[in-house]
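Sequence order for the protein chains is E and U. Every letter in the first sequence is one number past the one before it in UniProt numbering, and letter 23, counting from 1, is 23. Every letter in the second sequence is one number past the one before it in UniProt numbering, and letter 53, counting from 1, is 53.
Because the hints were derived from the structure by calculation, they are not lab data. Treat the hints with caution; some may be incorrect.
[What the hints assert, rightly or not] Okay, the calculated bits of chain E under chain U, using three or more residues with CB under 8 Å as the criterion:
(1) 53-61
(2) 247-256
(3) 263-277
Idealized CB from N, CA, C, for every residue including glycine.
Each chain, written out:
2 protein chains.
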Amino acid sequence: MRGAVIYGPGDIRVEDREDPTILKPTDAVIRLAATCVCGSDLWPYRGDDEVNGPSPMGHEYVGVVEEVGSDVRNVKPGDFVVGSFFASDNTCEICRSGYQSSCVQREGMGGLGCQAELLRVPLADGTLVATPGMPDADLIPSLLAASDVLGTGWFGAVAAEVGPGKTVAVVGDGAVGLLAVLAAKQLGAERIIAMSRHEPRQKLALEFGATDIVTERGDEGVAKVKELTGGLGAHSVIEAVGTQESMMQAIRSTRPGGHVGYVGVAHGVELPGLELFFSHVHLHGGPAPVRDYLPELIDLIWNRKINPGKVFDLELPLEDAAEGYRAMDERRAIKVLLRP
Amino acid sequence: MRGAVIYGPGDIRVEDREDPTILKPTDAVIRLAATCVCGSDLWPYRGDDEVNGPSPMGHEYVGVVEEVGSDVRNVKPGDFVVGSFFASDNTCEICRSGYQSSCVQREGMGGLGCQAELLRVPLADGTLVATPGMPDADLIPSLLAASDVLGTGWFGAVAAEVGPGKTVAVVGDGAVGLLAVLAAKQLGAERIIAMSRHEPRQKLALEFGATDIVTERGDEGVAKVKELTGGLGAHSVIEAVGTQESMMQAIRSTRPGGHVGYVGVAHGVELPGLELFFSHVHLHGGPAPVRDYLPELIDLIWNRKINPGKVFDLELPLEDAAEGYRAMDERRAIKVLLRP
Numbered sequence: 001m002r003g004a005v006i007y008g009p010g011d012i013r014v015e016d017r018e019d020p021t022i023l024k025p026t027d028a029v030i031r032l033a034a035t036c037v038c039g040s041d042l043w044p045y046r047g048d049d050e051v052n053g054p055s056p057m058g059h060e061y062v063g064v065v066e067e068v069g070s071d072v073r074n075v076k077p078g079d080f081v082v083g084s085f086f087a088s089d090n091t092c093e094i095c096r097s098g099y100q101s102s103c104v105q106r107e108g109m110g111g112l113g114c115q116a117e118l119l120r121v122p123l124a125d126g127t128l129v130a131t132p133g134m135p136d137a138d139l140i141p142s143l144l145a146a147s148d149v150l151g152t153g154w155f156g157a158v159a160a161e162v163g164p165g166k167t168v169a170v171v172g173d174g175a176v177g178l179l180a181v182l183a184a185k186q187l188g189a190e191r192i193i194a195m196s197r198h199e200p201r202q203k204l205a206l207e208f209g210a211t212d213i214v215t216e217r218g219d220e221g222v223a224k225v226k227e228l229t230g231g232l233g234a235h236s237v238i239e240a241v242g243t244q245e246s247m248m249q250a251i252r253s254t255r256p257g258g259h260v261g262y263v264g265v266a267h268g269v270e271l272p273g274l275e276l277f278f279s280h281v282h283l284h285g286g287p288a289p290v291r292d293y294l295p296e297l298i299d300l301i302w303n304r305k306i307n308p309g310k311v312f313d314l315e316l317p318l319e320d321a322a323e324g325y326r327a328m329d330e331r332r333a334i335k336v337l338l339r340p
Numbered sequence: 001m002r003g004a005v006i007y008g009p010g011d012i013r014v015e016d017r018e019d020p021t022i023l024k025p026t027d028a029v030i031r032l033a034a035t036c037v038c039g040s041d042l043w044p045y046r047g048d049d050e051v052n053g054p055s056p057m058g059h060e061y062v063g064v065v066e067e068v069g070s071d072v073r074n075v076k077p078g079d080f081v082v083g084s085f086f087a088s089d090n091t092c093e094i095c096r097s098g099y100q101s102s103c104v105q106r107e108g109m110g111g112l113g114c115q116a117e118l119l120r121v122p123l124a125d126g127t128l129v130a131t132p133g134m135p136d137a138d139l140i141p142s143l144l145a146a147s148d149v150l151g152t153g154w155f156g157a158v159a160a161e162v163g164p165g166k167t168v169a170v171v172g173d174g175a176v177g178l179l180a181v182l183a184a185k186q187l188g189a190e191r192i193i194a195m196s197r198h199e200p201r202q203k204l205a206l207e208f209g210a211t212d213i214v215t216e217r218g219d220e221g222v223a224k225v226k227e228l229t230g231g232l233g234a235h236s237v238i239e240a241v242g243t244q245e246s247m248m249q250a251i252r253s254t255r256p257g258g259h260v261g262y263v264g265v266a267h268g269v270e271l272p273g274l275e276l277f278f279s280h281v282h283l284h285g286g287p288a289p290v291r292d293y294l295p296e297l298i299d300l301i302w303n304r305k306i307n308p309g310k311v312f313d314l315e316l317p318l319e320d321a322a323e324g325y326r327a328m329d330e331r332r333a334i335k336v337l338l339r340p
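All chains, please: the whole structure from these sequences, using the hints.
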């Protein structure tokens, strides 16, 4: 089969890879209908994460089950399925508490390389959720978004305790930040402040439910959010970048007693203890337990209540994955969908 | 009047200070029945916080109202009152959300020097809570504990989302840690692991409701908590020290999705973003909104349901404050009560 492999910073190649097979009785193999490039794929692409030899890329996937192991009961060949970037058993105590991305048996999907034609999914019963039937073509981008960016934005909103009557600020205007705006809207937020300086992203944020746009960043962005919230700061702030600046912007934009939900994978972040202490914020985040939200998100998408697939503003054949990475790196695209 | 003043590390003197007076119509002046030395008073005493010239010390107090300003309505001369270490209006949006220690008008009581005979309390209506009558002498230590250490331990437990069915670990065996054990018990925790290597403190922890004692610290302490919790970590961990080691011990002892409540004033703490991200814990803490809990805590004490005053294992006249600091610094005493 064909699959995307990173050889070093800026060096993505689509090449022949061995077809995956069932290795354990709990595995499934799926044929991908679509995959995509994640903001976090840019960390190694930009040299911010080390690349140790050629590594398959991608952790977002939707597709049709080809084959299942002998222990798999919940999905069968022919099912259209969505999964998350962590495989999970969905039965352990941590999964049952809603933290499937910290499942005691979890396996990262990134190492398996989802930017490919075929994919082995471990712990298939716990990991995969089948859609009610074969989806219409126009639903596929949204279902793919549920695999990571929508679920991650959703977790950011849940972790930030977004709800009715709340003022929410979102730091980061990538696909996750934009879908955090959508999640905040769905969860009933009264006011949603999107922090973005890029016009096409501002437009999408407004479409997804943002009520205010703040273009300032860092301390100026904080001052602006305070100005919009009677000097107090937002009740809920979602951090969707992962840098020191964005984390501090999120913490400082939150009122005492308010909640920061952070879902940007932290890179070089060190939180100053004393400032955090006196900030009085709640801090929660990490890898989103997307599996927990999948049934609800699939339902919203299937019934066309939400259209998160709009974050894909560029679609390419899998063969052109390298151009997809370039387009995202140069911010020419918000998010790139790849068709195997 | 007489009052304790710090001149430099290790140099506490009780000397004549000017009697406080009503400065604003919202002030009250109280005559202290008791005050005490806090673990956080040891930071400047040990030279870990800078001392800029002679500074009055102490931020914990109970006593009788002597005089009130013209705007004060809720307390009157003759009332026995308890207050917190932050004065707060108890009416602003932040106070009403339960974060009085981040009140938009807050004033720290430390600067006013509560280790003294008399004290000016700003924002008296919001800050002070009167007891149902003049307390019996044996209740005074417990009421004094409510002024900070009990309320702080309580907030730690609330921030760590302690409740029925939960396993709780407490990092720190000072007065706050011990009273966090008491709070966890009151809030219905199923299992309470006190981390302490000091026998008299272990004894008090068990008396307050601890079910397990862990003597190991750092990573060994973490391993022990995991061993006691099926490898997962505690649901709720209360951090009551404020050092890098204790914060990391608390975070690492918490299961994914669990809650860390941290109330030790952070000293030199830097939290590694990526580890925090993958820990999946909730982090909340800061200066305890003691004012929010005072009515409930006073009620529990008044009706002799709890006896937090047991943390005072040394009582001295205010004149001997210097010896009180020494006893706590050398860990000869858990907490020292001073009688003006």
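Hints, verified against the model:
no., hint, in the structure
1, 53-61, "violated (count 0)"
2, 247-256, "holds (count 3)"
3, 263-277, "holds (count 12)"
Consistency note: the structure conflicts with earlier hint 1 alone.
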